[in-house]
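Protein chains in written order, with the working numbering: chain A, -4 to 423; chain B, -4 to 423; chain C, -4 to 423; chain D, -4 to 423.
Read the hints as simulated data drawn from the structure, not as lab findings.
A hint or two may mislead.
BS3-like cross-link-like pairs, simulated, lysine-lysine; straight-line CA separation at most 27 angstroms [to be verified]:
1) K96(A) x K286(D)
2) K42(D) x K401(A)
3) K129(A) x K286(B)
4) K42(C) x K42(B)
5) K203(B) x K96(C)
6) K203(D) x K129(D)
7) K37(A) x K203(D)
8) K96(C) x K184(C)
9) K37(A) x K37(D)
10) K286(D) x K286(A)
11) K37(C) x K41(B)
12) K313(A) x K180(A)
13) K267(C) x K123(A)
14) K123(C) x K129(A)
15) K123(B) x K286(C)
16) K184(C) x K129(A)
Protein chains: 4
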Amino acid sequence: MQTAITSLGPCSIPSPLTRCAQNFRRDNERVLCDDTLSSVQKTQEKKEELASFEVAGARSKIFFDPRTTKAGIVTCGGLCPGLNDVIRGLVMVLCYNYGIKNVYGFRYGYEGLVPSFGRVPEILTPEKVASIHKLGGTMLGSSRGPQDVGVMVDTLVEMGIDILFVIGGDGSLRGAGEISDEILKRGLKKAVVCIPKTIDNDIMYVDKCFGFETAVAEAGKVILCAHAEAQGALNGIGLVKLMGRDSGFIACLATLACAEVNYVLIPEVPFKLEGPGGLFEHLHARLNQRKHAVIVVAEGAGKNLVGEAGMDASGNKKLEDIGTYLRDRINGYFKKINVETTLKYIDPSYTIRSVPASTQDNVYCSLLAQHAVHAAMAGKTAMLIGRWHGRYVHMPIDLVTHGRRKVDPQGELWQSVVEITGQSAHFQ
Amino acid sequence: MQTAITSLGPCSIPSPLTRCAQNFRRDNERVLCDDTLSSVQKTQEKKEELASFEVAGARSKIFFDPRTTKAGIVTCGGLCPGLNDVIRGLVMVLCYNYGIKNVYGFRYGYEGLVPSFGRVPEILTPEKVASIHKLGGTMLGSSRGPQDVGVMVDTLVEMGIDILFVIGGDGSLRGAGEISDEILKRGLKKAVVCIPKTIDNDIMYVDKCFGFETAVAEAGKVILCAHAEAQGALNGIGLVKLMGRDSGFIACLATLACAEVNYVLIPEVPFKLEGPGGLFEHLHARLNQRKHAVIVVAEGAGKNLVGEAGMDASGNKKLEDIGTYLRDRINGYFKKINVETTLKYIDPSYTIRSVPASTQDNVYCSLLAQHAVHAAMAGKTAMLIGRWHGRYVHMPIDLVTHGRRKVDPQGELWQSVVEITGQSAHFQ
Amino acid sequence: MQTAITSLGPCSIPSPLTRCAQNFRRDNERVLCDDTLSSVQKTQEKKEELASFEVAGARSKIFFDPRTTKAGIVTCGGLCPGLNDVIRGLVMVLCYNYGIKNVYGFRYGYEGLVPSFGRVPEILTPEKVASIHKLGGTMLGSSRGPQDVGVMVDTLVEMGIDILFVIGGDGSLRGAGEISDEILKRGLKKAVVCIPKTIDNDIMYVDKCFGFETAVAEAGKVILCAHAEAQGALNGIGLVKLMGRDSGFIACLATLACAEVNYVLIPEVPFKLEGPGGLFEHLHARLNQRKHAVIVVAEGAGKNLVGEAGMDASGNKKLEDIGTYLRDRINGYFKKINVETTLKYIDPSYTIRSVPASTQDNVYCSLLAQHAVHAAMAGKTAMLIGRWHGRYVHMPIDLVTHGRRKVDPQGELWQSVVEITGQSAHFQ
Amino acid sequence: MQTAITSLGPCSIPSPLTRCAQNFRRDNERVLCDDTLSSVQKTQEKKEELASFEVAGARSKIFFDPRTTKAGIVTCGGLCPGLNDVIRGLVMVLCYNYGIKNVYGFRYGYEGLVPSFGRVPEILTPEKVASIHKLGGTMLGSSRGPQDVGVMVDTLVEMGIDILFVIGGDGSLRGAGEISDEILKRGLKKAVVCIPKTIDNDIMYVDKCFGFETAVAEAGKVILCAHAEAQGALNGIGLVKLMGRDSGFIACLATLACAEVNYVLIPEVPFKLEGPGGLFEHLHARLNQRKHAVIVVAEGAGKNLVGEAGMDASGNKKLEDIGTYLRDRINGYFKKINVETTLKYIDPSYTIRSVPASTQDNVYCSLLAQHAVHAAMAGKTAMLIGRWHGRYVHMPIDLVTHGRRKVDPQGELWQSVVEITGQSAHFQ
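Next comes chain A alone, as it looks inside the complex (with noise of 0.2 angstroms):
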């Protein structure tokens, strides 16, 4: 596992920081990757080094000088909440902290480091972000999908830019990657930081996407209404699709948060429908005892049952949707077999996802942009701020693009879940 970062050239700079020196940072500070017991005892068996990671935070010395820094934010892919809240803190930091005079936002993603879309890019400063962790979305709009990564760096030549903030998800962290390597080939000295962004909380070795707790929470307060609407009407059903489009993470903890669900369906898990051991049979038996029920599904699960539908502008694989899917197989059972019931499908996602970041994001996402400020100051490129094992850290892109975070099937997190829900062993 490869997980040194790659530097621009030796930080002589002192920080503008008034810390005193036991107060910053080394690179040589580093946490392990795997924290357990016999992962480490094996490695000293084998005598192979531990694998690392670099811990985030200040340098006293620097790699650029901010007299003369100019740097530059993009947000990319779907909407999260919290993205405001890192543009703020990214602004607060440059302006205040390192005394950055020039920071811009490029419009709606990466086509706003592309001229031909004639997208002008923004001047931020402290006052016009002051309040814009109030509001959802992203105040510098945001686009799916790659651009020209030859015209993206031009632009930050031509401009002057000399550090780019990436804030997106797997497909624009690979892009953030390429601009990287393009920077490089070209013998510039310029940094580009990621903060990873995914409301699925499936980014590798992240071990909490900002954004995750507030969706998480807003998820709690939709299954709350399916459960009332379920309640509400005999043989009431109420069926929850939530994000999750290759892990479950979303529908596993809003279940553990609100504890009124008795179904949720992951990717992570396959399940049946039909047959003895279905989700039909037990949640027939399920009404028959108590009159209504609530079915958390993720977008992604269920892909044994539905069809790939193409592709969508990021390049990722669009599935048929299983919500409506398991809506109208449900009601098709339960009419074959006269029973009467009155199923409630809720598909909450734009207003899970655009809500303003709740506190615990807000004190997050300040966090990882201090971070990301501190590394890129120090010339620091090619790189993502993790949160591992609680720790901030320095992570190679590459390192965290070649999978996903999954929710797993043996571990105590979905045993969890199967408990709570009582769905245990029941139809999988």
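Let chain A serve as the given structure and place chains B, C and D on it in line with the hints.
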């Protein structure tokens, strides 16, 4: 206008409430239906009687003997914030203030009064209802549509129920009127008192239905999400469908609350899509100028555009979905003229109507419940608790079921909306 | 009762609002002050004129020419939720609907109108106020107490301000009346229009002050905390002091909202602590039975128990603190009789009055602001925007500054409170 | 460092949980206490053993037979958000997942285990606890201070309680350790398992205590109020006292959350008021420049300034109130130098600690409860459920009661705070 309240007979039992004499209300306390000066003067000139409502409140002498009285509660129709608050309030006042010992909750709407459905009524106690207002929905369940009136009255007789509280909308109020008629026809002494429920806030002579303010607050949050989504993409359009089959109150109030809406479409004001002055033209101009737009449409708006689609279980006419219709038409329009737009459509109805009541609605439901019990104990029947010009009053059921309250296109509310959105005179 | 509105002169300029004729209000649209049937009949019998209020709303002809009109806004007295909403609303309607180009915000209350304080007025634009309603407090700052009226009018003259909007309480309204008198005495054509502010909700003829519902909601949350604290210890007592110098509206409404209060003490209803039927005796009995109790006291309650303590800067009489007085007396009582109790005292006033406005108050403040601008542009002065029986009306300033609205101990509101708490007839 | 968990004996009873073999945790699954690379390398060089914690989770074989096991729950010390969530979680997992039939709730802390107090334990069922997490506080009540250990163990013996769950802070954990010691001394087979509770978040080796995030969110709201108050008056100062007897975690996190704080004072970082570089000098400069300021002080800050004032009932040292001390000193300072200021002091502790838990804490409490039950059923005792580096682990009680976790003045958290407030190097 008929505003006399039917009474089961003279009140001779002293109220168990420990008020002094002047703190009880008298039946001759009345407030004007129309309090405009010109209307009163006109009536005076014509020597006609001024129409007025009986003021609600506790009476010093009551009709029913609390030691033996049995009460029943039923909730009908769709969910609305505050249902549990009203149930809770009724039980608390009946048990704690009047000392009633037997309160039954009928399950799943009027079906609960029809033995053949097999829904066993629930015994309601202060302990059982103490925390139900923290939850959305109705603890009793609900159903739509009428049931056999004779059978329902038989049930009341068999169970010895003296007072039936009906919490429901237009159709359910009519049902309650029929139950009351049947009771009177049989010469029985049973009161039927209603608390009107409609999230659309469109009951005649009721200036605010319970749950409405909660719904407006929730709708306002959704509009902010739509705004974040609209801003999040170039030429982003946020389209929100809100409740309002015949009246646009939620759409109007939610628009005033969040001040981010550009177009509000309500049933009371026809509009056109195409051609000069139509919605499309204005929307296009708005996108050119500001790059994003937010549209709120009440479900009953644009009846001239969409067709009807049968009846629902309550016997209300069903409309084709104006929300998806608008979505498709707007997308089609911009596709045809080759303008790239990103429309996000949000239909949040279940998550608006099934949340717990807000503080204001907690208070309002408490007061409605208190007044309903006072009225019922005084032997008033075939009536509902209204609030007119800020006052709690008694209203005969048939007064309010002959029409619906609507947003006046000439009134200040609609003008306020038009002036806040800036859509004034644009496409109407 | 004097309800005629002072006018600066005839209106001859067509309104820039694009309404059709019937959508404007006329000055002869009036609503009754007293809409009870008996009162109207009595007036008729005496052949007296019916007192009535002028209905608020846009006029088709206006007094001020929008192309040249300058407006100023000042906020006075203590904080109240919604101040920023009203400022925002005024600026939006002035600029967007009437096309006014110059709007000034005076800083720190009436001090901002007195040049010797050196507070430079702020130029207010729609951009600057767009998000201020997300924040509590007032962006303009405030101060208490009167300033020299002549000097303030001089400032208006020098700055060329045509319309002054005053957002303030009792004392500030009197101040606005004096400014208006001075303007008229000098023969100037300047309008002074007030939006009444008092978190106590005790302004005469105003059935709900802005911010009041937000305050009630916040107070309700605090009472739930007091309840949790009371239940958390054996013989736990939660004591909450709420606003209400002369009237107990917040205490009453918050009690109805959360239904966990056992004793409500308000200025309008005297009470005693000791002896048979006193608070202590009842509290002791309650603890014996239920092991915990919650008491809510309005700051102006128990005037017979505590003394006065000078004046505050606004010239309001200051009272000794009834909250800490009660805390100490209750603790003393139980100590004397050797009953171990745990009293938690909560005085949340700052955290109630300085929160952002709730959705309902967002709407209400928007509408108050719209109506204030309509009235001012029509040349009305020495008036305030009231809401009476749910209607927006124009009221002369001096009508409302002669007294305070109070909770009627014989009315249904207080009886509802007494019956919900169960404190009926106990210690009064 | 001692991290071995005491066990009541070998586990031979198959778990009733329907997991397959690999979904159970094994006792040899351990994670490092210190996961920094340098520390691991140093330990390796010294050939010492790596300190590690046992991973929490369900075991395939358990010690107690669910058919006969009786459990008790006790909550001790001050309120904290989530107490009811933990109680609810324990009861749900015990009853639904393990099939335990008898769960008792001891009332009012350790007093409930001492018969002479006469507090009858409450029988806890899933129905009774279903909605308690909607309420703040603890349904069982609480008390401070220790009780006779022998008597408490006698109670457990007499009632046949096999497992005691203790939810409490530092002092209560020590009490639980003594109960466990006494049990082992008597040769009994009873498990004592703790869920650590401290709103200060200062328990050793526990990276987040339940309720802490809720408290931070509430504290953040209060700071926004203080900011509104500060801005509302010329030279306005908002002073907020937050919890934190020995550690400033709430003060730091709430500051990061709302980004409106200018000075944070915590126990870990001494400060001076007067003289060059003192708080007064900087505050004065800030007021001159910005006209308002917000100060957050943790209750244990400034120990060098205020004196101690005895012990509380739990045996914790009581400090003089730094909040009112600061308020008076700041007011005195500005009075002396004739600068008019308006200081608003807010001490919100009860309204922070007694609110219902946030969504994140709902989840966290559920998981803590699950893991506590798994551990207890496996016969582990004298331990608590910790979370270390994001992992749920078993910790011996005496490991965590020897000190308190503190904010590291050299660490990134404090530096982040200093850099966000801009107070860096000012008065320290």
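- request: Decide if the proposed pair is consistent with the structure: K42(D) and K401(A), CA atoms, cutoff 27 angstroms inclusive.
  value: Distance ~36 angstroms between K42(D) and K401(A) Cα, so the pair is violated.
- prompt: Quick one, are K184(C) and K129(A) close enough, alpha carbons at most 27 angstroms?
  reply: violated, 41 angstroms
message: Run the distance test for K42(C) versus K42(B): straight-line Cα separation, threshold 27 angstroms.
response: Given pair K42(C), K42(B) holds - Cα atoms ~14 angstroms apart, limit 27 angstroms.
- request: Please work out if K96(C) and K184(C) have their alpha carbons no farther apart than 27 angstroms.
  value: holds, 19 angstroms
field: Pairwise hint evaluation, K37(D) against K37(A), where the allowed Cα distance is 27 angstroms at most
entry: Between K37(A) and K37(D) the Cα gap is close to 17 angstroms, so the pair holds against 27 angstroms.
- prompt: Taking only the CA atoms, is the gap from K96(A) to K286(D) under or equal to 27 angstroms?
  reply: With a Cα-Cα distance of about 25 angstroms, the restraint between K96(A) and K286(D) holds, given a limit of 27 angstroms.
message: Given the hinted pair K203(D) and K129(D), is their Cα-Cα distance within 27 angstroms?
response: Distance ~21 angstroms between K203(D) and K129(D) Cα, so the pair holds.
message: For K37(A) and K203(D), compute the direct alpha-carbon distance and say whether it is at most 27 angstroms.
response: violated, 30 angstroms
query: Given the proposed pairing of K203(B) with K96(C), does the C-alpha separation stay at or below 27 angstroms?
result: Violated: K203(B) and K96(C) sit about 38 angstroms apart, past 27 angstroms.
message: Check whether the Cα positions of K267(C) and K123(A) lie no farther apart than 27 angstroms.
response: violated, 56 angstroms
field: Holds or violated: K123(B) to K286(C), with C-alpha atoms at most 27 angstroms apart
entry: holds, 20 angstroms
message: Against the 27 angstroms threshold, does the CA-CA distance of K37(C) and K41(B) hold or violate the hint?
response: Status holds; Cα separation ~18 angstroms.
Comparing the model with each numbered hint stated earlier shows that hints 2, 5, 7, 10, 12, 13, 16 do not hold.
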